[in-house]
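Enquirer: Below are the chains, spelled out letter by letter.
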Amino acid sequence: MKTADNISASFRDPDGFVFQKDGGLYRQILPHGSKSFHHFLNSGLAQRLIDQGKLAKFTIEAINELGTVLHITRLPYISYPYEWCFSQLRDAALLTLELMQEALANGLILKDATAFNIAFRKCRPIFLDHTSFELYQEDAPWRAYRQFAMHFIAPLLLMKKVDLRCLQLFQGNIDGIPLDLASRLLPWHTWLQPNPLLHIHWHASLEKRISSDKSSRNATHLPKRRLLALLSGMTSWIASMKPPRQSTEWEHYYNDNSYSDHSFAAKQELVREFCGRYSIHSCIDLGANSGVFTKIAAEFAELIIAADFDAHAVEALYQLGQTQTDEIQPLLLDLNNPSPDLGVLGVERDSFFKRTSADCVLGLALIHHLRITGNWSIRQIVALFDKLAPAALVEFIPLDDEQTQRLTRGREEIYQDWTLDNVRSAFQEKYAHCHVKPLLDSGRVLLELAR
Amino acid sequence: MYIDAGTGSMMLQVIAAGFFTVVIFFKSIRAYFKQLLTKKNLSNDSLEKNHEDRG
Numbered sequence: 001m002k003t004a005d006n007i008s009a010s011f012r013d014p015d016g017f018v019f020q021k022d023g024g025l026y027r028q029i030l031p032h033g034s035k036s037f038h039h040f041l042n043s044g045l046a047q048r049l050i051d052q053g054k055l056a057k058f059t060i061e062a063i064n065e066l067g068t069v070l071h072i073t074r075l076p077y078i079s080y081p082y083e084w085c086f087s088q089l090r091d092a093a094l095l096t097l098e099l100m101q102e103a104l105a106n107g108l109i110l111k112d113a114t115a116f117n118i119a120f121r122k123c124r125p126i127f128l129d130h131t132s133f134e135l136y137q138e139d140a141p142w143r144a145y146r147q148f149a150m151h152f153i154a155p156l157l158l159m160k161k162v163d164l165r166c167l168q169l170f171q172g173n174i175d176g177i178p179l180d181l182a183s184r185l186l187p188w189h190t191w192l193q194p195n196p197l198l199h200i201h202w203h204a205s206l207e208k209r210i211s212s213d214k215s216s217r218n219a220t221h222l223p224k225r226r227l228l229a230l231l232s233g234m235t236s237w238i239a240s241m242k243p244p245r246q247s248t249e250w251e252h253y254y255n256d257n258s259y260s261d262h263s264f265a266a267k268q269e270l271v272r273e274f275c276g277r278y279s280i281h282s283c284i285d286l287g288a289n290s291g292v293f294t295k296i297a298a299e300f301a302e303l304i305i306a307a308d309f310d311a312h313a314v315e316a317l318y319q320l321g322q323t324q325t326d327e328i329q330p331l332l333l334d335l336n337n338p339s340p341d342l343g344v345l346g347v348e349r350d351s352f353f354k355r356t357s358a359d360c361v362l363g364l365a366l367i368h369h370l371r372i373t374g375n376w377s378i379r380q381i382v383a384l385f386d387k388l389a390p391a392a393l394v395e396f397i398p399l400d401d402e403q404t405q406r407l408t409r410g411r412e413e414i415y416q417d418w419t420l421d422n423v424r425s426a427f428q429e430k431y432a433h434c435h436v437k438p439l440l441d442s443g444r445v446l447l448e449l450a451r
Numbered sequence: 001m002y003i004d005a006g007t008g009s010m011m012l013q014v015i016a017a018g019f020f021t022v023v024i025f026f027k028s029i030r031a032y033f034k035q036l037l038t039k040k041n042l043s044n045d046s047l048e049k050n051h052e053d054r055g
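Listed in order, the protein sequences are those of chains D and E. Each step along the first sequence adds one to the number in the numbering used here, with nothing skipped, and position 4 is 4. Each step along the second sequence adds one to the number in the numbering used here, with nothing skipped, and position 15 is 15.
In short, the hints are calculated from the structure, not lab data. Fair warning: this is a prediction, and the values are worked out from it, not measured in the lab. Ideal Cβ placement from N, Cα and C applies to all residues, glycine included. It cannot be assumed that every hint is accurate.
Here are the in silico distance ranges between beta carbons for each label pair [claimed, not checked]:
id, chain 1, residue 1, chain 2, residue 2, range
1, D, PRO340, E, PHE33, 50 to 60 Å
2, E, LEU36, D, ILE63, 52 to 62 Å
3, E, LYS27, D, GLN137, 22 to 32 Å
With the rest of the complex left out, here is chain D:
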């Protein structure tokens, strides 16, 4: 029998920890957090949130000498805040505020407000931490307010007012973006806007000016009515935030390529055939763009990790998931620099490759970018697909294609190894089955691969 493994991301909380045993996921509630947890349970709030799909499902597995053990229903995929689009981070912030208000109505409060407490299931945010709810002390302020500002308000404002790419600051600051840094990066006119002024600029200045003093901290009182006003103010402000519009070269990719309508329809049909033949349950769509092929994969799979390095594409995929195909798990991913292992001892947050595997991978109109723009070798491209799934559908676009020509910009001689024969034989080293399917008159081909 396999022994229990503690999940390294849960080490901070003195009220409990998460562990895996025999493939199951469990949460141990320690005596220190027992009173709060049982109040959460007995108030009916836990069950109500589970029924609404806002809290990860659990059942009580056992009561032992250490406290209560919960068996947690594992989510199909966990993505991290630095892999989300603007709307995902905003919706995660709104869920945190909603749970905080629900908690207060039930005599509880959220003791932390980290964005890592939230994951996405069927393109809806879901709260993961059952020990975040603790008993509310009359007139106590929200101790997690600063963490909320660092994990949600600062990155949202930076993405909105500076650049969507500011989200990557989160990867270097997994405890939240420092408020003084956010304050320095935000444009001057945010000093004239009440919410950024309060939650970021004054917040950062006060943090710097007032040294940590335990006595004054304990003396802070905040009547519940005022705390609720603060939460309500933050909720309506954050709910009004729309994703910023910034034009990127990928937005019109499908309207501006070298396909004829026939070739494009043939490509869609081949993707459909491939997904049907391998009876897939999970699929990774690398370079998913606006999700045309993600939608086709969703006809067959229960989970599609739709990854793209363009924040607008991920935003579109999230909207697609919310309105049409909720099996999608949108993911902001730069294959040239995928999310690494992060945090304490490098084991707190797993890398993209540690977390991600599926029945098949789609790599459509992708690998020529890796070879030409990223200067990957053909072997590295094969290794990428081999790492992720036992089957793959890969599109090969030759050097004389209009799209490829745009990328090489007269440097064709460097990429002379980019031939169908070379690519096919490299894939054949890892995949026993390799079928070449031409895309009508486009000159492009699809390689259907299986181990």
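Using the hints provided, position chain E relative to the given structure of chain D.
Expert: Frame of chain D; chain E shown alone:
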């Protein structure tokens, strides 16, 4: 409590909460007058309608 709440942060929270309490107070006054006006308009409309129906 395992996260550092920050002394400055706690003070700012009190200020921010005060600010939003005032905002909500004024918003509720505005909503009250808006409601009063809508009711007044509605009752005027229905009076006129009744008048027209009888006419």
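Enquirer: Which numbered hints are broken by the structure, listed smallest first?
Expert: Hints that this structure does not satisfy do not exist here, as all of them hold.
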